[in-house]
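Colleague: Just so you know, the sequences run in chain order A and B.
Number 239 in the working numbering belongs to position 239 of the first sequence; there are no gaps in the numbering.
Number 1276 in the working numbering belongs to position 276 of the second sequence; there are no gaps in the numbering.
Calculated directly from the structure, the hints in this document are not laboratory data.
The C-beta atom is built at its ideal place from N, Cα and C for all residues, glycine as well.
Careful: at least some of the hints might be erroneous.
Unchecked claim - Computed far set for chain A versus chain B, every beta-carbon distance over 10 Å:
| # | residue |
| --- | --- |
| 1 | Thr6 |
| 2 | Lys41 |
| 3 | Asp70 |
| 4 | Leu71 |
| 5 | Pro99 |
| 6 | Asp212 |
| 7 | Thr243 |
| 8 | Glu274 |
| 9 | Asp289 |
| 10 | Leu290 |
| 11 | His327 |
| 12 | Arg329 |
| 13 | Asp353 |
| 14 | Glu361 |
What the hints assert, rightly or not - Keeping only pairs whose Cα atoms sit at most 20 Å apart, straight-line, the calculated EDC-like set for lysine to aspartate or glutamate is:
| # | chain 1 | residue 1 | chain 2 | residue 2 |
| --- | --- | --- | --- | --- |
| 15 | B | Lys1162 | A | Asp212 |
| 16 | B | Lys1276 | B | Asp1309 |
| 17 | B | Lys1169 | A | Glu207 |
| 18 | A | Lys265 | A | Glu288 |
| 19 | B | Lys1273 | A | Asp353 |
| 20 | A | Lys323 | B | Glu1304 |
| 21 | A | Lys323 | B | Asp1309 |
| 22 | B | Lys1301 | A | Asp286 |
| 23 | B | Lys1276 | A | Glu352 |
| 24 | B | Lys1162 | A | Asp252 |
| 25 | B | Lys1273 | B | Glu1233 |
| 26 | B | Lys1162 | A | Asp240 |
| 27 | B | Lys1162 | B | Asp1173 |
| 28 | A | Lys9 | A | Asp240 |
| 29 | A | Lys323 | A | Asp291 |
| 30 | A | Lys323 | B | Asp1306 |
| 31 | B | Lys1276 | B | Glu1304 |
| 32 | A | Lys323 | A | Glu288 |
The lines below spell out each chain.
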Amino acid sequence: MSRFNTMVKTARLIVCAGPGGVGKTTTSAAIGLRAAQAGRKVIVLTIDPAKRLANSLGLDALTNEPQRIDLTEDESGELWAMMLDQQQTLDDLVARYAPDKGALSRSKENNIYRLLSSALAGMQEYMALDKLHDLYTGGYFDLVVLDTPPTKNALDFLQTPGRARQFFDDRVMKWFIPSKTAKKGLFTRVFDPGSVVLGLLGKVFGETFVTDLVDFFDTLSFLQDALRTRGEMIDFILRDPQTRFVLITSADSRRIKEALFFHEKLKSLDQHAEAFVLNRVIPRFDQEDLDLSTIEALGALLEDDNVEGLPESLRANYARLTKLSEHNRGIIDNLARQVGSDRLFTIPMFGEDVHDLGTLEMLGRHLTE
Amino acid sequence: MLESLDQKRLIFVTGKGGVGKSTCTAALALALAKRGRRVLVVETDAYSAMSVILGAPESEHTIIDVGHGLHAINLRSAQSLVETLTRYLPSERVVKAITQNRVTHSFFDSAPSVSEFVLLDKIMSLLDDKDNHWDHIVVDLPASGHAVTFLSVPKTLNGMMKGVGPIAKRAQDVDAMIASTTRAAIVAICLPEEMPVNETIELSANLKKTLGRGLDLTLVNMVHDRPVDEDAEDDFERASMRLRIRTNPTGVLADSSVAAPLRVLAGNQLSLKWFKRDQIYLGLLRKNLKCEIVELPMVYKIKERDIVDELASHLNTDPDPASLAS
């Protein structure tokens, strides 16, 4: 049985990571489908699926709730999918931990909060992990497949729990939240280091901004503990031996470099990549396929359909393709030498988009068979 | 080609991750430089793709000469922050106090909008640099999902500061520059595929909504050309159908027992599918975008620098009169 098969049957969490634009979401969905077909209850948490893929999964409306996908066949497993709505996830988090209604509405009115979910670096990563926490600990699903957002810097994703904690760090908070017990005398104003920092920031960014900022930290201070405990839990989940990492990339040296860099960073979690998936590989076009007899044979094959010059133009195009194909194969062999061929899986570049469960299954079979 | 960029000093390039944004940015900048312009490519990434693509030495925050009148710089936001604060704060001691303090440091590291603003501030000062006049500054922006956020940071900051203070004033100037369709251009890089095409159309709409301006140019990367002549296509399709290749060319190619001529047919069948799929997405782009759309061909070369050179010369060729007529 291939490593992929074992993983699909035993893992509790599969994290799919890799550079953008390599078909990570589609591959995550295909992995989820194969696991469901193996009889497991699976949820695929995706970030931003292509519309046709979403439609093929029966997800036309963006929703932050799991939706069950109709597999039609008589399977014992279940496939669910949901798309991450980061604003909604953040709002839910705030709503859950806000001590009272006032804090909730003050948070939502704050200028900085409104910007936060889209502007704060790493917020999308954090929200994905936060949702993962809920799904993972919820107890219903045997397997969560997490499709991660493409990160510019592979480190971002792994450092996310820490980064979000840092934003609400005790030390940072102390500077911004005026101490409620301190006397408001001249003495404390002058010697309060927090107010010095605020004064400087006010000079550069204007008083309003700084007031908003203080207000923001003050209002959302209740999130501090929640983020810390959840962050620690997520860190724990990512280190769990039943958590597996799949690095998805394409046969492009710069993207492979990115995947290998991420692989290196997994060591900081005492983890490794269970599989490398090379997506959209140019199929094998062999130079040896092209000799004089092939052209003659092509002419014969085309029979009555043989337009003048057609065999030659077919040959010329095929010859061009062999260049890309050979280059792809060189890159794949090279990667195999580095990470071992048993960890390497390739999916060819299809002639059509993945737009139904059938194509998705075909894609998944390249991994599990 | 590239008429839409000719007079623009500031050119922002964006695109979905994985569409070849950096490769196309390099090709675009090289094409402009080969017209005799002084061009500076600005990256704001952690890793400089330009140094790999253009074979330039890696540098941080300093301008390097790549040849052909082309220069590149990989900006660091930490460095830009120090420069911005130095411009607006009364004394160096105060700047140091802010940048060397662990708390303010971690605040600026994670606070929204700060790094974007200081990078834009730096780019503005590069435009104003009298000793080093740049005809074009080409900025390799973050992926399109974040590009609108990035470009609207000056407007947002100004709003948050209610127009008060030196930074707010600068933010207004940067915003005016970005919004100016005579001085600045926004270019989208796209692939003829579903996600990138939809994202480009969305980007164009979001730019209109947020910044009141649209895209100037869309470059469609890696467009496959026709493997068989249009006249021969029907015959080719008929033959493929008869030989049962049409439905599953990848299967035929994966089967090593299949004879060579059949494999050649299958390879071409797959090419034809790629070509047709590309045309559908190009049509979708043309229907939904008002800006200039330029196709970049699939380049059958291996070295990245060779690909960039070929794309740059493609961008500098005169448009085909036939395509102008249509």
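Colleague: Verify that the Cβ of Leu290 (chain A) lies farther than 10 Å from every Cβ atom of chain B, and report whether the claim holds or is violated.
Modeller: violated, 7 Å
Colleague: Mind checking the alpha carbons of Lys9 (chain A) and Asp240 (chain A) for me, to see if they're no more than 20 Å apart?
Modeller: Holds, at about 16 Å.
Colleague: If you draw a straight line from the CA of Lys1162 (chain B) to the CA of Asp212 (chain A), is it 20 Å or shorter?
Modeller: holds, 11 Å
Colleague: Mind checking the alpha carbons of Lys1276 (chain B) and Glu1304 (chain B) for me, to see if they're no more than 20 Å apart?
Modeller: Roughly 26 Å separates the two Cα atoms, so the pair is violated.
Colleague: With a cut-off of 20 Å on the C-alpha distance, tell me whether Lys323 (chain A) and Asp1306 (chain B) pass.
Modeller: It holds: about 14 Å lies between the C-alpha atoms, which stays within 20 Å.
Colleague: Given the hint that Lys1169 (chain B) pairs with Glu207 (chain A), test it: the Cα-Cα distance must not exceed 20 Å.
Modeller: This hinted pair holds, its Cα atoms lying about 14 Å apart.
Colleague: Against chain B, does Pro99 (chain A) keep a CB gap of more than 10 Å to every residue?
Modeller: Its Cβ never comes within 10 Å of chain B, the nearest being 24 Å, so this holds.
Colleague: Tell me if the straight-line CA distance from Lys323 (chain A) to Asp291 (chain A) falls inside 20 Å.
Modeller: holds, 16 Å
Colleague: If you draw a straight line from the CA of Lys1162 (chain B) to the CA of Asp240 (chain A), is it 20 Å or shorter?
Modeller: violated, 48 Å
Colleague: Decide, holds or violated, for the assertion that all CB atoms of chain B are farther than 10 Å from the CB of Arg329 (chain A).
Modeller: holds, 12 Å
Colleague: Could you grab the alpha-carbon distance between Lys1162 (chain B) and Asp252 (chain A) and see if it respects the 20 Å cut-off?
Modeller: Answer violated: Lys1162 (chain B) to Asp252 (chain A) is near 47 Å, above 20 Å.
Colleague: Against chain B, does Asp70 (chain A) hold up as non-interface, every C-beta pair farther apart than 10 Å?
Modeller: Check passes; 23 Å lies beyond 10 Å.
Hint compliance for this structure: hints 6, 9, 10, 11, 13, 16, 18, 24, 26, 31 are not met, and every other hint is.
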